[in-house]
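Peer 1: Construct the entire structure; sequences and hints are all you get.
Just so it is clear: in the sequence shown, position 99 is 99 by the UniProt record's numbering, and no numbers are missing.
Calculated directly from the structure, the hints in this document are not laboratory data. Be aware that a few hints might be false.
[Said to hold, decoys possible] Under the rule of at most 25 Å between Cα atoms (straight-line distance), these lysine to aspartate or glutamate pairs were calculated in the DMTMM-like manner: (1) K160 to D119; (2) K27 to E81; (3) K27 to D46; (4) K167 to D125; (5) K67 to D125; (6) K123 to D75; (7) K160 to E122; (8) K189 to E162; (9) K160 to D142; (10) K189 to D142.
[Claimed, not checked] Label pairs and their in silico Cβ distance ranges: (11) L12 to G157: 26 to 32 Å; (12) A18 to E45: 20 to 26 Å; (13) G34 to T161: 51 to 57 Å; (14) E30 to K167: 42 to 48 Å; (15) K39 to G157: 41 to 47 Å; (16) N60 to L90: 18 to 24 Å; (17) Q136 to K167: 19 to 25 Å; (18) P159 to G34: 47 to 53 Å; (19) Y37 to K167: 52 to 58 Å; (20) K189 to G218: 44 to 50 Å; (21) Q136 to N186: 16 to 22 Å; (22) P58 to D126: 43 to 49 Å; (23) D126 to Q15: 40 to 46 Å.
All figures in this text were calculated on a predicted structure; none of them were measured in a lab. Beta carbons: idealized from backbone N, C-alpha and C, even for Gly.
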Amino acid sequence: MGYFMQGTFNILSQQSVADADVDIVLKAIETASGSYYNKVVIFSEDTDFLTMLAARTPPNLDVFLLKPPSARLPDVEYSSESLASRSACLRSHILFLHTFTGCDTTSAFFYRGKVTFCDLFEKSDDLHGFAEIFRQTHVAMDNLIDHGLRLALVLYGAPKTERTSDKPAIELDQSYQAKMYAKASNNKKVDLARIIPTANALTEPIELAYFQVQAWYGSQGQDETIDPLE
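Peer 2: In C-alpha cells:
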C-alpha cells in the first residue's frame with residue numbers, strides 16, 4: 001500500500017508497528033523542527049492528537065490540527081501553541097486527564113466529564129500529586145490503584161479527609177455505595193450508568209489509563225512492574 005501511494009500519487013507513507021497516533025505526532029514535530037516556519041499541519045478528526053500535541057510539542061514549534069468539516073460544522077483548526085496557553089498544571093497532566101475521563105469528546109467517567117474534572121483539577125492541589133504517578137515509568141500496582149481511587153473520590157465530591165484516608169477503597173465502597181443505595185431506594189427507575197463503581201470495578205480503568213499515558217509518552221514496554229493486559 002505504501003509503495004502504491006508513493007508511486008501513484010507521490011504521497012510518502014510510513015508504516016507504524018506500535019501506536020500510529022504517537023508516530024504521527026512525533027513525525028509532525030520532527031517535520032516542524034526542520035521547517036523554516038517551524039509549523040506543520042495534521043489533518044484528522046481524532047481528539048487524541050490534540051492532547052498529544054499539547055503535551056509533547058516543544059514551545060518553539062507550532063503543530064496545527066485541522067478537523068475536516070461535517071454535515072453540521074465547518075472545518076476547525078487548533079494549534080499546539082494555543083492549547084499550551086492553558087495553565088501549566090493542565091498541560092503537564094493533559095494526557096492523564098484525557099485518558100482518565102475517556103479518550104474522546106463524548107465519553108465521561110460515570111457522568112463526570114472532562115470539563116468537570118479539569119475544573120476540579122485546577123482547584124485541588126492534592127490532585128496533582130495523585131495524578132503524577134501516571135507519568136512515572138516505574139510504579140507498583142498497589143500504589144497506582146491507591147492514587148486512582150483517590151482521584152475517583154474527588155470526582156464524586158469527597159471531602160479532603162476522605163480522599164486522603166489511609167484506605168480509599170473502603171471510603172469508596174462503604175460511604176459512596178451507601179449513598180447510592182439510599183438514593184436508589186427512593187426512585188422507581190435507576191440509571192445504571194450513574195451507579196458509583198466499587199474499588200474493584202475501578203482497577204481495570206485505572207490500569208488502562210496508566211498504560212495509555214505511558215504509550216503516548218513513548219514509555220510503553222519499559223516497565224515490568226505493571227502488565228495492563230493481565
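Peer 1: For each hint, tell me whether it holds in the structure or not.
Peer 2: The hints, checked one at a time:
no., hint, verdict
1, K160 to D119, "16 Å, holds"
2, K27 to E81, "17 Å, holds"
3, K27 to D46, "16 Å, holds"
4, K167 to D125, "20 Å, holds"
5, K67 to D125, "34 Å, violated"
6, K123 to D75, "33 Å, violated"
7, K160 to E122, "15 Å, holds"
8, K189 to E162, "29 Å, violated"
9, K160 to D142, "21 Å, holds"
10, K189 to D142, "36 Å, violated"
11, L12 to G157: 26 to 32 Å, "51 Å, violated"
12, A18 to E45: 20 to 26 Å, "21 Å, holds"
13, G34 to T161: 51 to 57 Å, "53 Å, holds"
14, E30 to K167: 42 to 48 Å, "47 Å, holds"
15, K39 to G157: 41 to 47 Å, "42 Å, holds"
16, N60 to L90: 18 to 24 Å, "20 Å, holds"
17, Q136 to K167: 19 to 25 Å, "23 Å, holds"
18, P159 to G34: 47 to 53 Å, "51 Å, holds"
19, Y37 to K167: 52 to 58 Å, "54 Å, holds"
20, K189 to G218: 44 to 50 Å, "46 Å, holds"
21, Q136 to N186: 16 to 22 Å, "43 Å, violated"
22, P58 to D126: 43 to 49 Å, "30 Å, violated"
23, D126 to Q15: 40 to 46 Å, "44 Å, holds"
Hints 5, 6, 8, 10, 11, 21, 22 from the earlier list are contradicted by this structure; the remaining hints agree with it.
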